[in-house]
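Trainee: So the chains spell out like this:
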Amino acid sequence: MFAGSRNAPTTEGAPRPGDASPVIQLVGFRLDNEDYAIAITRIQEIILMKPITRLPQVPDFIEGLINLRGSVIPIVNLRKRFGLPAREVDDETRIIVVNVHDRTVGCVVDAVTQVMRINRDQIQPPPLSVMAVAHQYLSGLARLDDRLLIILDIDRLFDEPSLAVGTG
Amino acid sequence: MSGFNLAELMPFYLDETDEHIAGLNDALLRLEQDPADARALQEAFRMFHSIKGASVVMGFDPVNRLTHHLESLFEQLRSKKRQLGRPDLELTFRCLDTLRDFHRDLRAHGQSPTDLSALTAEVEAAVRGAPAPPATAAIATEPPPIVPAPVSVPISAPASPPPAACFDESGRVTVTVVFESNLPLADMKARLVLNRLSSRARVISTDPPVEKLDEVDPLSRFTVVLAADAAADELRALADVEGVAEIRVQSAEQSRAPKPELEPQPEPGAVEPATSDAAAPDESPAPAAAPEAPAPAAAAHHSRKPRVAETIRVDSDRLDHLMNLAGELVITRARFVAIARGLEELFRGSGAQAELPRVREAREQVKALAEAIHGLGRVSDGLQKGVLDTRMVPIGPLFERFRRVIRDLSVSSGKEVNLKIGGEKTELDKRMIDELSDPLIHMVRNAVDHGLEPPAEREAAGKPRGGTVTLQASHRGNSVVITVSDDGRGIDCERIRKKIVSKGLVDEGPARELSDRDLVAYIWHPGLSTAETITEISGRGVGMDIVKARIENLSGAVDVRSVLGQGTTFTIRLPLTLAIMSSLLVRIYDETYAIPLDHIDEIVEIRPEQVYRVQGRPAIEIRKRIVALTSLGDVFRWGGRPHPASPNGHAGPTPETNGAGHPDDSHSKRIVVVVQNGETTIGLLVDELIGMQEVVLKSLEKNFRSISGLSGASILGNGRVSLILDLDTVIDMVGR
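Line by line, the protein sequences give chains A and B.
Numbering (this note's numbering) for the first sequence: 3 to 170.
Numbering (this note's numbering) for the second sequence: 16 to 751.
Think of the hints as simulated: they come from the structure by calculation, not from any bench.
As the structure is a computational prediction, the values presented were derived from the model and not from experiment.
Hints are supplied without guarantee of correctness; some may be wrong.
[Unchecked claim] What follows is a set of in silico ranges between Cβ atoms, one per label pair, in the way DEER data are often shown:
(1) A:N35 / B:D120: 56 to 66 Å
(2) A:N35 / B:I354: 38 to 48 Å
(3) B:L358 / A:N101: 37 to 47 Å
(4) B:G125 / A:R158: 25 to 35 Å
(5) B:R576 / A:M51: 47 to 57 Å
(6) A:G72 / B:A383: 45 to 55 Å
(7) B:E376 / A:R149: 55 to 65 Å
(8) B:P128 / A:K52: 44 to 54 Å
(9) A:R158 / B:R652: 46 to 56 Å
(10) B:R652 / A:G72: 24 to 34 Å
[Said to hold, decoys possible] Calculated pairs, DSS-like style, for lysine-lysine (alpha carbon to alpha carbon, straight line, at most 27 Å):
(11) B:K435 / B:K445
(12) A:K82 / A:K52
(13) B:K400 / B:K445
(14) B:K435 / B:K478
(15) A:K52 / B:K717
(16) A:K82 / B:K717
Note that CB positions come from ideal geometry on N, CA and C, so glycine has one too.
Here chain B stands alone, though its shape is the one from the complex (with noise of 0.2 Å):
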């Protein structure tokens, strides 16, 4: 044990636990709703049985006596010593609850306060008040078998864990090693091999055989035949020595049939045969088997699995590095794609002396570099986006824990809700997921109990029973947009109305000239909750503001739309990902400023004669649309100041006056880009265009602060910084 180092294995502990705690969960909802799922009570006793495995490793022994007992009782209702009972059930999920807490307090501070020991009692006396005692002794130690564990276990699920039983009827398992090209002595591997796997099984036959062993040259690869009944894991560890790259383990029914799955052969024992019209062999293999038959059932739920990809768990600090590194990538490439139009230019311009046999030499080489760059331009795009994907994760398992977060609240508010989820394959960048966790549960928490009426209050109003929230998630353009919603009672304004007046936050006058729309925006303001009661779970009002400022930290937006009497949608709009966006570089004053490429419709031109005053700000048509027109000077000062470089940069009328009446100023065409936050659209004046591009995104925060009407800074490709706007603050800022 002392062999390796615990402090190392900690994070890797952790994220499993936390899987199989969330395993975990979704099997007990689906147990909640059949007792009998023998596939769920399968799982449950499976991932009950790795965390005390693996806490055993760790030394966390209070972990493992509760898993441990934990294990025996779904043991008991695996074999049906026990049935499933609500008093079972709710015991296992404080158990669930409890184990999470621990090991959320082991990762933040290394140690759990938490004691485990109350519950482990309870659960032990759970277990020996079972009707027929439990065989706990003979389930302590092994995984359970997958009795007769029939063959049609397919190769194409890697990397799920069941302890595989590979052997065919006859217990035959093939071992083939591969080995490392050029291996000096690889008889010798191939006879150190065999001793191992001697060691455990019988061997049957070899091949090549083992006295022709020293003849075959170069040996690549070594197969040896057993009659064994030990798990592949075994056997693999056994074969693994020193110069050897790879390891197959096979059933002979295996290596016979490769694609068991996609053949439909009915296997004698597996699935009943063919004359029963019922149980017909198709292409699916689903659920044939009767449930008297636990075993077929099981394999069949086996090979019905999706494949799983292989993963690999990576610190995820390590992929930020080379997510930099990416980066660096793009603006260096972008820098030589700038060096190289310098060059063309400069000998675009001695074209005169192009008698000069150097100058035209140069010129080849120019045009080589240019072509060199646009190789460095595939790769570095390539690479770019590889790393991208690989902190990109679907959203479904996020949106998957909230089956348990509604059940808990359906039971604590009494109402009836469902949950709907949509969308769960939409990636986004993982560390989004990880901070998008919390203003989800209020989301949800806030829908449940402010959102959906109790059975009674829908049954009156016409409405089913059961209240349904909805999580959807999809791509939009460059952005994702994530949805909660509910089919309650929706907002209603005039109670946001009266709370405004009776809270103080708006004169009783004016509070009657608010729009509905003024109203609903309310809900973010702090201190302002519309429920009536105030509920354990929500109710405080405080949240609504710190979901608003979690998404806006995330370069995000989130918008309420709400119907009295029809449900309320929250639509939260995320970049894709965090660190790299493509955008528009355009220059304003002296500064080139980056425009996120989702936030703009359109770019035009316009003639002074074109601008409209209304109320006395500039404003432009756009498909016949009138929309406001501004410039950066609107809304920025710089040093408490109009930018140097700005028309009335140089102490001349305030900005409020004129800095919107910048295009008078000029009697040349102006360049507008019109960009839009998905309600309010605006005209922003820019001076010049330079282009599109892919900017790394830096935060401002990590050396300085946030500021608001910038999402950050990205380097260019001349190695200066440009700043990248934040037009949901800049619309609201020109609003203001």
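If we strip away everything but chain A, and leave its shape as in the complex, we get (with noise of 0.2 Å):
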């Protein structure tokens, strides 16, 4: 699919330091002009930005509920989540559709950037408190060009209560 895919990681979850292969695969994405990263292995699929029904009952980074092809997913503002100043909705913003804990759970960002190969060696491990993200929700930093990619680990992210079952 991708370019040398051949050599891709074939293991799944969030990359861990331990992981076996060398290389890991990332979708890159913008928020508030800093460059953030999910794993290619929990990402479904992107899609436009689609009409929102607002759900009551839920933190307000919870957008609300919709229709992906008959089923239901919630939708997470990544901006809100992580008290990043809103923005409007213009042609870039895209909804990231990711699996998780059995899930299946969209993310508002600002633009999808780029499809990347890192190597495991040239991930740091998240310093405590540097950036908006609290340091619990990544699982390292990398050096792009002259750019730091923030890799986040979306297990963790959605490993809380606000997003668990049975706290309505």
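Dock the two chains into a complex; use the hints.
Mentor: Rendered as structure tokens:
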């Protein structure tokens, strides 16, 4: 699918130190002018913004629900989630649909940038509280040309009470 | 044996064995009432035999050994070599429980730690200790032939499995094979069938005759008359060669009189001649035969059996898949309707340029589209209902299981308990039935343990010694209502009052203020049990809260009514199916919500001056009743704030003071949907009525989590998601 995918990691889940393969594939996206990435293995698809039905009784970073080919999935606004300033939806806005904890969840991002391959040894452990993102949701940082790539651990990101069953 | 995959057979084996165990429980309960019930003995014997046979195939030797000895035991009982006593009955009940546990483990974990050997030895000892030595060898292999098995085997009971001896007095069987249409070389196939059948039985004649086979063209059917005592299944298997579409096996008698059960022809040897007025033949071939004549009795019983519907076992995932597709179809149809409406309006608008023939043509096309959509609607409705029906099963079997539960409870509690069952034909979603089992068991146990008094106490209160527990099911509109009631002592509200104070749930002062209704509601509180003593079965104070949670998980509601000294009734209300709901679509703020129709009483329009204030809260009068008027803004918050499209969405006063003051903001009429949850009625303000629609319920838990006040979401014709209001909870939230 992607160039050189024969060497792509076959491991599932977020990239974590200790996984066997030396190279991981990531999908990059932008939030408030910062570069983020999620392991490609966790991404189901990337879709255009569509009408969202607002949900009551949920934190404001949950935008609501959309219909994804007959499935009803929640949409999380990552800007709001990380306390970044709000931004109007534009042509670049995308929803990254990820599979996490047996669920399908959409994440609103400013733009999707590129698919990239990174060597595991390029990834540094997250420093304590340097960014808006709490460090427990990071699986690491990587330097990409002159930019800093923030790699999210979506398992941990969605492993919290506001997204868990039964807390309604 | 290596031919088939055992893992694939496993679900069928487990389902079948479960059915047999349930049937055995039923038979034993009847035997407990009447130890000489020949029919029950026969059934028990047959079912043990079936389990045994199936367990051999699956290679479950311990089950095989145990059921083998049980079968021997029942052979002794059946053939009157042994009297059924209490020890045998208790032993068999224990075996059933153990077998049930064994198979439950098997289903859950693929293996079972349960050791059957001790029980097996016990049964074996019982069999050996029998007064007359059992003829084990004779019964170990073949199912019992239903001796003289006279003639009145109705054809209309195809699914009842007894190994039918389908021959008449002269032992003549007719096997007819119907070939697939245009089968090449049908005459060769006919000869093959004949060959195979003749290996088992002597051929008397064929139709068409063998020598004329190649003259008949096309050959569509071939009939062989055999002098055989073979079982129908065996003959069927022999006749089943490639190219055969249908096989009919009939005794000569049946072919003469296709509906024997409708024609009161006394058969010689089957029923007493009509000279005795006690056995006058009439429409019902019922218990005319005396118990001394077991064979006719068996036959009579057989023909009395109601027609068993032919069934097919289907993996429920497949049904779920079909269900989803049918749901998608409904959504797609709604989408078409929306498109057609849009087109129609478009062309209506362009009426001025109607001189253009193309516009006229397009209009015709739109009309045709609307008709096609109408047709599609009919099909999708039918399909949806059909798929829905495949999931609907009667509640009867679930209720029947309680006969055993009640028996055990009555033994363990020392109370006399009768079980009354009503509405067992009421159908509901299979999944719902599965999920209901545990809550119902808990409620029934509760009724016996806490509700019913000991016999002496009942007599002292002027009640019959035996208490009655009633299970009743019925349809009410779009819902199923199930009640569990007892005629026991009822819930003592004063005791609850003391209990909640002593447990520190409520302070003494406020507790004194609580009404009976408030107090009764505390039975749902975790950690509160009203039993004086803690029993083995219930009374640990866990359970009722779980019962409530389970039923609410099924989008249902449970309510309790109790009269001190007269009894308690639990009422469970469930949607007919989990999947589809009739609902009213409304717009509230900017969103579309679905309100389940069965909660809607009426829809009214109100003017601002019709809104009263009761203790500062708005209320309206509906049919001489004052009901609270509320808007969703009073119960819901969106991201911790009022809805941005609501009147107080823009940093206005708090919804506490003004959200409910909604009607004051507008001078025009407002629409109010009057809804109830069976007890409380409220008026819900909506901004617009959209229309009625069947919506397919999609759970929020699947990809997210449950949200109180919503029972799920659904996809509209325009592809957008609408939210389905859970009015039971919304009404609760208003009350708070």
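Trainee: Which of the numbered hints above does this structure break?
Mentor: The structure conflicts with hints 6, 9, although it agrees with all the remaining ones.
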